[in-house]
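Novice: Residues per chain are reported as follows:
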Amino acid sequence: MTSGRNMTATSAVAYAARLAQVDVVAAYPITPQTRIIEAIAKFVADGEMKAQFVQVESEHSALAATIAASSNGVRAFTATSSQGLLYMHEMMHWAASARVPIVMANVNRAVAPPWNIYGDHQDAISQRDTGWLQLFAETNQHALDMTLQAFRIAEDPRVQLPVMVNLDGFTLSHTYEPVVVPEPEVVNRFLAPRPAVDWLDVEHPKTINGVVSPEHYIQFRALQKDAARRALVVIEEVGEAFAEQFCRDSGGLLSLEQVSDAEIVFVALGSAASTIRSMVRAWRSVGRKVGVISVRSYRPFPDAKMAEALAGARVAVVWDRAYSFGCGGPLAGEVKGALYGRESRPVVLSAVGGFGGAPVGPTELEKALEWADASMQGRPVPLETWFGVKAYRDGRTPDGKE
Amino acid sequence: MARNETPLVMPGNSSCAGCGAVLIARLVTEAIGPNQIMVIPACCMGAVATSFPKATFNVPVLRTAFASTASFLTGLEASAKAKGQEVTLVGFAGDGATVDIGLAALSGAIERGHSFVYICYDNEGYMNTGFQRSGSTPRGAQTSTTPGGALGRYKAEPRKDIAKIVAAHGIPYLATASPAYPADLTRKVERAVAVKGPTFLHIMSPCPLGWGFPSANSVELARTAVESGLWKLYELDHGVLRLSLSPKKRKPVKEFFAPQSRFAHLSDDVYEELQRAVDEEWTTIEKEGFSLRCETSRA
Ligand SMILES: Cc1ncc(C[n+]2csc(CCOP(=O)(O)OP(=O)(O)O)c2C)c(N)n1
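If you read the protein sequences in the order shown, they are chains R and F.
Take the first sequence: its position 114, counting from 1, is numbered 114 in our numbering, and each next residue is one higher.
Take the second sequence: its position 162, counting from 1, is numbered 162 in our numbering, and each next residue is one higher.
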């Protein structure tokens, strides 16, 4: 295997866009995404990439322009973070419902106020129900690999939906790791040009995205639902094809490590999963039966696979770097939903933390393991714990008790 | 019917009788011809012309969100360049979509110099949602959100002058037009198509329901607006500004306002004031020539 070059995940994504030979990139800068679009602008300026690069005047326009370009049949890409993603919200729904196979890199960052540019998943999770497929990268290599896979998934005739590739702000976006950049010829064998579309053919004029009655409207939604479900199959297929061609496992729906005989299984998205992997290896070396599930595809959510993977565990610790206020950790809720009706299922503990760049590191994870142990021993434990919160100034404790 | 035998704007749309916008759409679409892609945001035209299973336009139409006409044109232009496709890209948007919610996108797209023809049909309010005020609603007008009421709360502010705002970008081609002057309108559209870079047409679009006048009188009212000197027809072509028409004997402005129920509350004092303002403006034009400086707000 070729050894990698040291680069950040943002550079890796820019290389992926170049290797995918995207035709149009419309984007607007925001930390920590900026490096992606700067690198693409430089590739284009140096003649190394043929894309039309347009720096527009807002993220709403960035996504709108990307949608329009994609509607005209070309391969289109954009990237954003946090406030930018929220600013796109109207067009997020638009992209998915218009069934344009756009790929967008979202460099996960906290949302304001208070201002914070560091990583968490509130941005991505807040777009959960827009209809986009959402993949999460654990490493810089994944950021490149998943972006390539994302085009093939999005453009698959069975799917025809936009795909968001999530990469953790700073943890991945500003950290150098060795990344293998594949040769263009090899990528071309993996990723064919986008299948032709005739939506805006002047010889055969059509009106797209018009007004429909209630009876027709639900038909569109049903088709969209089916496509998102079919993506469960396509993501696995594409992940396998990628692994075969590039000898790297960087796709699929879930990545399981040491899960089959584990008593305690951690479930997480993105770079946190990769941190947990190294903890699991350490715990295993002292005889602890712990495993980890990295959720590579958050949408579509592989509920059946999740339930099967967790069937033998006694406790699942689901780590959320986002929150649904007044409800709970979103991923924890989804894992619980996946386990509904299953006879063999673990207790689900919802670990919440790592907001605004706060660590999900050894300290937090050791505490979480103690918590899971206590639960396994049948001691009364809270089902949800926020990590890293100090006592409030008025003396109340963060768990809501007075 | 074969592609080139069917009209480009087909019968059977669900617009109101006397809709100025549909008349404008027909003139514009025919002037551009079949090799175009049209972008329509949320607005009356979007509602009346794209209702499944009917389609009004016999050219490709890509509907978009309220604010996104110019950003769709941006993306389409980039994709056309990528494909080496020669096609006229047309935005067809109401005044709300243009002067209010879509202004940043429009400004950005003009500044970046993309090639497109942007048509703003101006019916002076948010008509699709029931006649609310827009930034282009003239002062004094009654709308559903400036209803007058016991306190007389009509629209208190003058309209923003979108043509001037667009002109300030140094746009290669800009024109105002009126459906009452179809030859002038058509010529301007053809000119816009020929110009490379962004082009903008601001077209008055009478709205019988929203303005409150008989639907048979749309064209007549549009003509009165020009003949009274209220709606000026001009073009700005690569920095050269030309009046397309100077009414020789101007009609009293009251003839434009009085037939519209949205102005029913205006008193004769107001009419006199409005008349004085328009007269002064035209005196300046006659003395000093037409400039965008004298294009002051109406009503
Ligand atoms: C983001 C957003 N806000 C509000 C609306 C509701 N809306 C749809 S059309 C419209 C008014 C359109 O006014 P204008 O652009 O002047 O066109 P007209 O309907 O007058 O032809 C409004 C407010 C919307 N569709 N999207």
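Just so you know, the hints here were simulated from the structure itself, not pulled from any lab data.
Values in this document were obtained by computation on a predicted structure and should not be read as measured data.
Backbone N, C-alpha and C fix where the C-beta goes; we use that ideal spot for every residue, glycine too.
Worth double-checking, as some hints may not be accurate.
[Unchecked claim] Below, computed lysine-lysine pairings styled on DSSO-like, alpha-carbon distance capped at 30 Å:
| id | chain 1 | residue 1 | chain 2 | residue 2 |
| --- | --- | --- | --- | --- |
| 1 | F | Lys196 | F | Lys83 |
| 2 | R | Lys225 | F | Lys54 |
| 3 | F | Lys54 | R | Lys42 |
| 4 | F | Lys83 | R | Lys206 |
| 5 | R | Lys42 | F | Lys196 |
[Unchecked claim] Chain R is faced by these chain F residues, among others (derived, beta-carbon under 8 Å):
| id | residue |
| --- | --- |
| 6 | Ala31 |
| 7 | Asn35 |
| 8 | Ala47 |
| 9 | Phe57 |
| 10 | Asn58 |
| 11 | Pro60 |
| 12 | Val61 |
| 13 | Ala67 |
| 14 | Ser68 |
| 15 | Ser71 |
| 16 | Ala80 |
| 17 | Lys83 |
| 18 | Leu103 |
| 19 | Ala105 |
| 20 | Tyr181 |
| 21 | Lys251 |
Novice: Give me the numbers of the hints this structure contradicts, sorted from smallest to largest.
Specialist: Of the numbered hints, 3, 6, 18, 20 and 21 do not hold.
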